[in-house]
Amino acid sequence: MDDLKEHPAAMPVAGEVGAAVVASGRPRRRWLRALLYLLAVVGLLALLTLAYAIYRHNTTPPAPERIVIDEATAIDDVMGKVYGKYSAAKKGWVYVDDDDVTYVMRVVQQVKIPDNLAGDEMYFVASGVAVDGSDRARYGAFHVHPTEPRDGDLTAANLQVQYSAGVAVQPEQVYFEALSENLWGWVIKTQTGSDPTHSPVTVTNNVLAPHKGGVAILAEFPGSSDSVPPQPCAEAKAAYDVYNSTTPPDLGSHGVDEAEMDIEEPEEPLRCDKRRWRYRVGVVNGTIPAPITVTLSGSQDGQAVEARKWKVMFDPKSFTYLVPTDLALSTPAPG
-5 MDDLKEHPAA MPVAGEVGAA VVASGRPRRR WLRALLYLLA VVGLLALLTL
45 AYAIYRHNTT PPAPERIVID EATAIDDVMG KVYGKYSAAK KGWVYVDDDD
95 VTYVMRVVQQ VKIPDNLAGD EMYFVASGVA VDGSDRARYG AFHVHPTEPR
145 DGDLTAANLQ VQYSAGVAVQ PEQVYFEALS ENLWGWVIKT QTGSDPTHSP
195 VTVTNNVLAP HKGGVAILAE FPGSSDSVPP QPCAEAKAAY DVYNSTTPPD
245 LGSHGVDEAE MDIEEPEEPL RCDKRRWRYR VGVVNGTIPA PITVTLSGSQ
295 DGQAVEARKW KVMFDPKSFT YLVPTDLALS TPAPG
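Per the numbering used here, residue -5 is the first one in the sequence shown, and the count goes up by one each step.
Please keep in mind that the hints were generated in silico from the structure rather than gathered at the bench.
Backbone N, C-alpha and C fix where the C-beta goes; we use that ideal spot for every residue, glycine too.
Treat the hints with caution; some may be incorrect.
[Said to hold, decoys possible] DSS-like, lysine-lysine: derived pairs with alpha carbons at most 27 Å apart:
| no. | residue 1 | residue 2 |
| --- | --- | --- |
| 1 | Lys206 | Lys303 |
| 2 | Lys206 | Lys183 |
| 3 | Lys231 | Lys75 |
| 4 | Lys75 | Lys183 |
| 5 | Lys231 | Lys206 |
| 6 | Lys303 | Lys231 |
| 7 | Lys303 | Lys183 |
| 8 | Lys183 | Lys311 |
| 9 | Lys303 | Lys268 |
| 10 | Lys106 | Lys183 |
| 11 | Lys85 | Lys75 |
| 12 | Lys183 | Lys305 |
| 13 | Lys206 | Lys84 |
| 14 | Lys85 | Lys183 |
| 15 | Lys268 | Lys231 |
| 16 | Lys84 | Lys183 |
| 17 | Lys106 | Lys206 |
| 18 | Lys75 | Lys106 |
| 19 | Lys268 | Lys311 |
| 20 | Lys79 | Lys106 |
[Unchecked claim] Pairwise CB distance ranges (calculated):
| no. | residue 1 | residue 2 | range |
| --- | --- | --- | --- |
| 21 | Asn110 | Glu262 | 42 to 52 Å |
| 22 | Glu175 | Ala83 | 42 to 52 Å |
| 23 | Glu142 | Lys79 | 23 to 33 Å |
| 24 | Leu33 | Leu111 | 34 to 44 Å |
| 25 | Thr287 | Glu175 | 15 to 25 Å |
| 26 | Val278 | Ser239 | 21 to 31 Å |
| 27 | Glu142 | Pro224 | 56 to 66 Å |
| 28 | Ser239 | Lys79 | 52 to 62 Å |
Construct the entire structure; sequences and hints are all you get.
Structure follows, in structure tokens:
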């Protein structure tokens, strides 16, 4: 019967109990020690980051404030540096070029762009004609912008163009165009001639834009052509054709020095002309300047000209618009 009774489990010895407790406590202590080390490292990194931020704050000079351009002050400063002193009597800047020809330069168009994070940008155009009445005119295209790298000052780039004309660029002949997302430019219309009953009056479109610290000419193409002869258009066309078909005598082949002959060449007769080349800058999309569409309309010799259209594309490599040969200024007028 005694064999059927349950015997109580044997009690572990004291040494065995202690070993079990130690074995179960070691992993917990290691985990706590690792956590303390991790917190210490994180705290040290936080202190180092804070110390570096304080050091940078104390040693880095503050960024220059955004520049706001005072247009009148900037124009006076830039025009004075380029053209000389302002004359209140002549209401312009008196400029003497390298040929000792005097011009009175006046600002005819200006615009300020406040979109630049570094500060305002300003674009303006000045123009003038020779005061001695000679057939000389000039214009200047200016771009004023914050200096890079930023130092709180302004930099002015400009391009000076002199051409044969007795008419200065007028305010309505300057157009400011967005060519791309980060490039603005001018279309400046220069005019030669003033009275179409005396000589042809032509207008040229000149496309300009800032480039590499200066101002570049991107394209040139016709804008308009006007002439009004005294006779009917059909008679004027006949006289024009006769003039072009006449071959001047080759005096040199007969042993006569042309320099010794005082021969007055006949004046080219006027023909009826009222042509217009209108341009439109395409939709801006990206950093490459948009194409320019040019359309021809009007009349010549009393007849409507054939409507034409050109799409002038921009070439980033040359930083110019590729004007087709049949639109270029050197192309003879259609007969």
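Evaluated hints:
1. Lys206 - Lys303: The given pair, whose Cα atoms are some 32 Å apart, is violated under the 27 Å limit.
2. Lys206 - Lys183: holds (24 Å)
3. Lys231 - Lys75: Judged against 27 Å, a Cα distance of about 50 Å means the pair is violated.
4. Lys75 - Lys183: holds (25 Å)
5. Lys231 - Lys206: violated (48 Å)
6. Lys303 - Lys231: Distance of about 25 Å is within 27 Å: holds.
7. Lys303 - Lys183: holds (20 Å)
8. Lys183 - Lys311: Roughly 26 Å separates the two Cα atoms, so the pair holds.
9. Lys303 - Lys268: Holds: Lys303 and Lys268 sit about 17 Å apart, inside 27 Å.
10. Lys106 - Lys183: Holds. Lys106 to Lys183 sits at ~21 Å (cutoff 27 Å).
11. Lys85 - Lys75: At roughly 17 Å apart (the allowed maximum being 27 Å), Lys75 and Lys85 satisfy the hint.
12. Lys183 - Lys305: Holds. Lys183 to Lys305 sits at ~19 Å (cutoff 27 Å).
13. Lys206 - Lys84: violated (35 Å)
14. Lys85 - Lys183: Between Lys85 and Lys183 the Cα gap is close to 23 Å, so the pair holds against 27 Å.
15. Lys268 - Lys231: With Cα atoms ~14 Å apart, Lys268 and Lys231 stay inside 27 Å; holds.
16. Lys84 - Lys183: holds (24 Å)
17. Lys106 - Lys206: holds (20 Å)
18. Lys75 - Lys106: Between Lys75 and Lys106 the Cα gap is close to 20 Å, so the pair holds against 27 Å.
19. Lys268 - Lys311: Violated, at roughly 36 Å.
20. Lys79 - Lys106: It holds: about 24 Å lies between the C-alpha atoms, which stays within 27 Å.
21. Asn110 - Glu262: 42 to 52 Å: holds (50 Å)
22. Glu175 - Ala83: 42 to 52 Å: 45 Å Cβ-Cβ, so the 42 to 52 Å window holds.
23. Glu142 - Lys79: 23 to 33 Å: holds (30 Å)
24. Leu33 - Leu111: 34 to 44 Å: holds (42 Å)
25. Thr287 - Glu175: 15 to 25 Å: holds (19 Å)
26. Val278 - Ser239: 21 to 31 Å: The hinted range 21 to 31 Å is violated for Val278 and Ser239, with Cβ atoms some 49 Å apart.
27. Glu142 - Pro224: 56 to 66 Å: holds (58 Å)
28. Ser239 - Lys79: 52 to 62 Å: holds (55 Å)
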